[in-house]
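Based on the sequences and whatever the hints tell you, model everything.
Spelled out from the first residue to the last, the chains are:
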Amino acid sequence: MSKRRHEDADGSPYTPHSPAETAAMLDEVGVESEEELFDVPPEVRFEGDLGIDPRSERELRAELSATLAKNDDLTEFLGRDHHTHYVPSVVDELSERAEFLTSYTQYQPEITQGFLQALFEYQSMIVELTGLPVANCSMYDAATALGEAARLSDRVRRVSGTEVLVPELLHENKRAVLDNYVDGTDLSVATYPMDDGNVDVEALADLAGEGTAMIYAENPTVRGTIEERLSAVGEVADDAGALFCLGTDVVALGLLEPPASVGADVVVGEADALGLPTAYGMGLGLFATREDFLRQVPGRLVGAGEDESGRRAYTLTLQTREQHIRKERATSNICTNQAWVALRTAMHLALLGADGLVDLASECVREAESLAERLGDLKGIKAPVHDRHHFREFLVRTDQPAPAIASDLEAEGFAVHVVGDHRLQVCVTEVNAGRADDLVEAFAEAV
Amino acid sequence: MSKRRHEDADGSPYTPHSPAETAAMLDEVGVESEEELFDVPPEVRFEGDLGIDPRSERELRAELSATLAKNDDLTEFLGRDHHTHYVPSVVDELSERAEFLTSYTQYQPEITQGFLQALFEYQSMIVELTGLPVANCSMYDAATALGEAARLSDRVRRVSGTEVLVPELLHENKRAVLDNYVDGTDLSVATYPMDDGNVDVEALADLAGEGTAMIYAENPTVRGTIEERLSAVGEVADDAGALFCLGTDVVALGLLEPPASVGADVVVGEADALGLPTAYGMGLGLFATREDFLRQVPGRLVGAGEDESGRRAYTLTLQTREQHIRKERATSNICTNQAWVALRTAMHLALLGADGLVDLASECVREAESLAERLGDLKGIKAPVHDRHHFREFLVRTDQPAPAIASDLEAEGFAVHVVGDHRLQVCVTEVNAGRADDLVEAFAEAV
Amino acid sequence: RYEPLLSEKDDTSVDVGEAGSPLPDDLTRDDLSLPSLAEPEVARHYTRLSQMNWSVESGPYPLGSCTMKYNPSFAEDVAADPNGAVHPDRSAESLQGTLEVLYGLQDYLARIGGMDAVTLQPPAGAAGEFTGILVAKAYHEANGHDRSEVIVPSSAHGTNFASAAMAGYDVVELPSGDDGRVDLEALEAAVSDDTAALMLTNPNTVGLFERDIADIADIVHDAGGLLYYDGANLNALLGRARPGDMGFDVMHYNVHKTFATPHGGGGPGAGPVGVTEELAPFLPSPRVREDDGHYELFEPAETVGKVHGYQGNWLVLLKAYAYIARLGDEGLEDASAKAVLNANYLAEQIDCEIPYGPFHHEFAATAGDRDAADVAKAMLDHGVHPPTTKWPEFVPEAMLTEPTEAESLDSLEDLAAAFNAAFDADAAELESAPSKTTARRIDQADAARNPRLSWRSIDAEE
Amino acid sequence: RYEPLLSEKDDTSVDVGEAGSPLPDDLTRDDLSLPSLAEPEVARHYTRLSQMNWSVESGPYPLGSCTMKYNPSFAEDVAADPNGAVHPDRSAESLQGTLEVLYGLQDYLARIGGMDAVTLQPPAGAAGEFTGILVAKAYHEANGHDRSEVIVPSSAHGTNFASAAMAGYDVVELPSGDDGRVDLEALEAAVSDDTAALMLTNPNTVGLFERDIADIADIVHDAGGLLYYDGANLNALLGRARPGDMGFDVMHYNVHKTFATPHGGGGPGAGPVGVTEELAPFLPSPRVREDDGHYELFEPAETVGKVHGYQGNWLVLLKAYAYIARLGDEGLEDASAKAVLNANYLAEQIDCEIPYGPFHHEFAATAGDRDAADVAKAMLDHGVHPPTTKWPEFVPEAMLTEPTEAESLDSLEDLAAAFNAAFDADAAELESAPSKTTARRIDQADAARNPRLSWRSIDAEE
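Chains as they are written, first to last, in full-length UniProt numbering: chain Y, 1 to 447; chain F, 1 to 447; chain W, 13 to 474; chain X, 13 to 474.
Rather than coming from a laboratory, the hints here were simulated on the basis of the structure.
All figures in this text were calculated on a predicted structure; none of them were measured in a lab.
No residue lacks a Cβ here, since even glycine has one placed at the ideal position from N, Cα and C.
Possibly wrong hints are sitting among the right ones.
With the C-beta cut set under 7 Å, the calculated list includes, among others, these residues of chain F facing chain X [what the hints assert, rightly or not]:
#: 1; residue: E34
#: 2; residue: Y140
#: 3; residue: A354
#: 4; residue: D355
#: 5; residue: V431
#: 6; residue: V440
Okay, here's the thing in structure tokens:
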């Protein structure tokens, strides 16, 4: 049958039906028209126009290219939970292969071994990095992973408390998400103080107790400082019978103390710093935990098993935790997660290898130290504000009002964070380090 | 064995040898160092530096992006043998799949059926478009395809002449290539006159005769005119015992008279107008011919055959024509051709289908007519110069000096061809048609 | 065919101090073990893995309720635009392009759903459900209502139950009526002063339009509850019916299902939420508004706060915008028309019982006395992906099949042939299937009993 | 596994008049027959075809003299830069970016080859040969020399013979010496007043460096001939030896072999030509020069004209630039070091005779009393691509093997295992191989006897 589609040019370009085929199919189904198949009562039938004009692929690419070009071309010295590293081209090439990109969750493992193995490898790399034996396939982002961690603390039998203690310097967005994630539980959220950018362990110890469900700390912190007494935090949590949840990111894990060694029960954080270009906050939530909590883990898990011929094979496993089986008693409502981003992160980690990751993480420390020092040399600026080691980013105190300085910097083509009336935050990685001299110069003009 | 590569960071990023592996391999080979393996006498050993600085992938992408951004952003109304059409994104996606992009010529057909079938389909589509039964897998571009056609006329027994007759309006580059391709033969090249942009058939008939080896005509011509008496040209060639070689392009073939029906013995031309974005002249040479000349065809041919189990399978065929078998008696020296571009062109043709190609070709006629008319309405301009139908492009006569007008247009962001002191050439397709009004306005200012 | 694990290719361990750590020892790890391979090795590894994976570009993927349709390639190019690669903390002034796209998508989705306001923040469908229920909860709380229950039909997606529970609601399960639809009497009996919302998928998960939707809306609204629309099956109705017109107060959109964004083997998705004017003040913060051609972010007056660290899955939203704009009114209508036609045509070609009907875009065939999972495995050997099996539960041995509009007539014939061959297979064939796949049948029970979730756990065993 | 031809999926024929042709009937075709499929169908077709194709990302591809090494992905992104998508007839002033890259590549290649001037115009290696010989011919003609012969060693690529003949020269074949190298006495005997040039590959096609290159150069130059370097094996020498230093007057570079541009299943390639100062005035037109940071095109004083309609394969040249700049001096040196190490290591692991040596980047094993083509087919079943077979001809049943630097130790072991298994196979196994491939052994003789070169010819038969 000829597929001549000419007369049908007004339909979707992605429906491969010629008019002749459509007619034959309608005939087979026994109706006169497609409309007959819609069993929609007249009173709710939509008869209007949506008012959306179709465009050709060519027109639309030009249009969207012009629209996005309205974004100013700024060099971003921005961080605060969304970090930018260079993603090798080959990650795009490989992850965008249709077999990965256009596949669904692996409900039929016999024909999806490729993605399952890749996710198994992702889990395995997170296990290596965190030292915790169980990592899931992904959460949406660091904020929702923290929310899921809090909910996990609510499900764990050994925990009796209901208060989640978080640092006073927690990213405001993360706090907002956490509040919503605990909204349907008995949990409440309270803060503990910080001391020069790190956890004030003694103050935390005073606050923690029987009523504590979970203590959350970050390394590096949202201000870029590296925690110096994490094991002590872990001990406070242990003493309180609470979970210790550590927030971190996948690059920092390459250099900093492994979470397991400081007593973390759960690790959450940002894994999209590798594999994903800056994407307006699109993320990849890291989630790892102890063996004991295996059946309480939210999200997908890939396990290794065997096929009928006895060969190793991979499959989604422990699905009875999940919503499609357990419904309202599931460990989480999550279904679609960030699997493809996890794939990309795994690819990036595989390209870096152990050496490459240690080097990259070390560069994050060195560049931040160097830039902070140069900015600190300027009159009217103190940088870094905290007397700590820093990872990628640091706080800057300005004599002049910070918003005005940020605005001047933006006019010069630079974006930095305003975090207070006289506080800016600056983040540097290998991607923008080449512009650091220019930033220092722009700062010198602006302050 | 650990692959730790750290110490080896100065080498190629694409050599997967850890220092430990390199050492083990050297040991197995029985030498102390890689240098020992180079059997180069000291007198020709290079001891200097090449002086090429390595860059990281990130640095290099930024550097080349900045370099290419030095090209001015002009809207091109340019044609003359290198035409621009919109290439659907999916052509990139599919053709850039590594299995296609990073494969070699199909010397082992059993594991390269995919590319072979795609090339067979390309040949088949060219056969449909030209009406000639034999099409090869590709030539470098239209100019070299013409050169090969001339050389073919020199090999064909029924042809006794040695003169290749080409139109006086032939693209100067094509002529230059043709001259080189016949340089090692007994052939010579002469021109015949044109009449208002088309072949002056009577003048051609006067020039043609026993000494003629091949008559070359184009449709559309380099000035965009559509030939009106091609069959008569074919008859002149027949009468002279010469080959009739027709130059065309893959889009025009969708609408214009099929070459076989006007008596063409060989069809050459530009096939990259589909599938390949404008690429500074990178091309795809179309080459099709009659069955009689099968064993004289230059370039690769894919044939259908059978495998041992009797199933259809594809393979490179008639290789005894080629240089790797026949050496100096080969039909051509061509080895690496433009297979991947042919793949892309086939993909684009498959996406267009018969309807889409006819529509696109029709648009090329309509847009040219419309733009010529609007330009012709301007004072100080005659357009089109030729009283013919046009395909995509047309000649413009200007009262003012053409180079000055082109320069003014360039300052306004438009590129057109200067083809004489008072002649410009303008090419319009679906890609730049949206800017045609602006071009007319810029013309109005400039003339 | 076997591709070794990365860890089987290399087992490098790096001493962090020796590698030149810039930090004091007590702040760093001692060493790091990760496979360290060169780019050519990594490229081959993932190329080979990809070749062991089914996808929409491999062939039919008729997973019911998952809507695996063709993902246009051009949307990937749009999403790769470097001008879209921006940090979320940049000033709105410096991101007018991004905000224009987001605003445009809010508008498109509002039109398509018949809703008044849309948030794009939820990063997946289930996150959209959670958000929608949070919004409903906030609405009730703001109006002084104390309601503790959400009603969910038994045929609903598991996420409905889980999302409602996550927001702190008790879930009341509503059994399906004999005709596969909502039983109005049962609904009447279920609603009460405690009813916060009814979550409904329409067409439902066996492809039936809930014809009594106007009555359903009245019953829920009369009880003071809100009506929630699960957008999973919206692909069946584009341009034909809109949730807002049916009386729904809040809905989520599954952009990978309806708007062809790639599912990426399990995400990222996006689950925008649309609401009526009454609920708009409670939407997550920030939203985008336009003022005389200028775009800005704003916080809705009584916002529930945030459900994602930033603004959701931007790249996915951008692709959804591109798809909607590519199709326009007529393209969207055609997509639904062909999705429904394909499902009905395919149903005609399949030699097995299909309860209920007439259906829209999907149907639940029953494998009868066979195990639906076995039939699915047998289908694998015929070069297609099988349907969703054993769900919804009220259809015995269900094979929930949704071919989508993107399958050609030829492809539907292939799919039907695979179905029928698998149905015809004898018990021995079913049990030994699949045999032509990368892996043979996998013992999932054993994998769950003995979880090995990382290469470390494999090494530990061996 | 079978993927139908496009024509088997659809056989649409369109009446051009009915379709709304804007031209008079007598200027148009009556109808057009081409498969007319929708994007989802086209995407699946080519995805499936790709999965039936071997590539460098599939596994080892040790085709001797073809240098199939890893093609870095980032170079594709560089080539996709829309700022590089320009028309060749634009003014040089408006294309300073493109010209800067071309100038930079001319410079890099001159450094690597030890040459004084480079043209980038030839679109492939063979086109480079033809160009180089044209330049040599023009040089001789300009100097009043009447020379009619080009000498080519029997071990040379077929293109050398064909290119010389194409330029109108008689080809004098020079048999290889007993040690696989040029026999100086035979060369002495071959050169004469008629000698225009000697074309030489070094290392030659069995991987041997022509140690007597200085003497060879003297012999040719003393006879008034020019020395031509075939760059096919330049990957063996990067940073260790340069043709210009060896006495070559003209050379071509194969950028896909040496500089990792993808071969695309048969092209596009690029065959830049480098020459000494004496020959520079004869290079094709235009070339790029730099003047105080400004780039311009110019016509060499005694140019041979053009060998390509425009400037050659720009996108390929851009990728070559990117590769060279990525590696730099040390990377290029390392590439050659590992290419040579890999060849020598692999040779150690293979249980068959390898005449000659020590070799550089490739070696010609001999299949002995087996048919090399059979052994190659048997290797296919072991998941690798076999070497080049039956060439060069002076090695009996040659298996010319070039692993390249991009293969890992693991991969070399796999390759050696495949070699050895195939060598060990008995006659029956060899004859029936391959059995695990998409197609079984194809009868090429029959395909040539009964050529079917289009789907029309298949239809005509059936």
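Taking the hints in turn, this is what the structure says about them:
1. E34: Holds: closest Cβ of chain X sits about 4 Å from F/E34, inside 7 Å.
2. Y140: Result: holds, 4 Å to nearest chain X Cβ.
3. A354: Since chain X brings a Cβ to about 4 Å from F/A354, closer than 7 Å, the hint holds.
4. D355: holds (5 Å)
5. V431: Violated: closest Cβ of chain X sits about 11 Å from F/V431, beyond 7 Å.
6. V440: Since chain X brings no Cβ nearer than about 20 Å to F/V440, farther than 7 Å, the hint is violated.
The structure does not agree with the numbered hints 5 and 6 stated previously, though it agrees with the rest.
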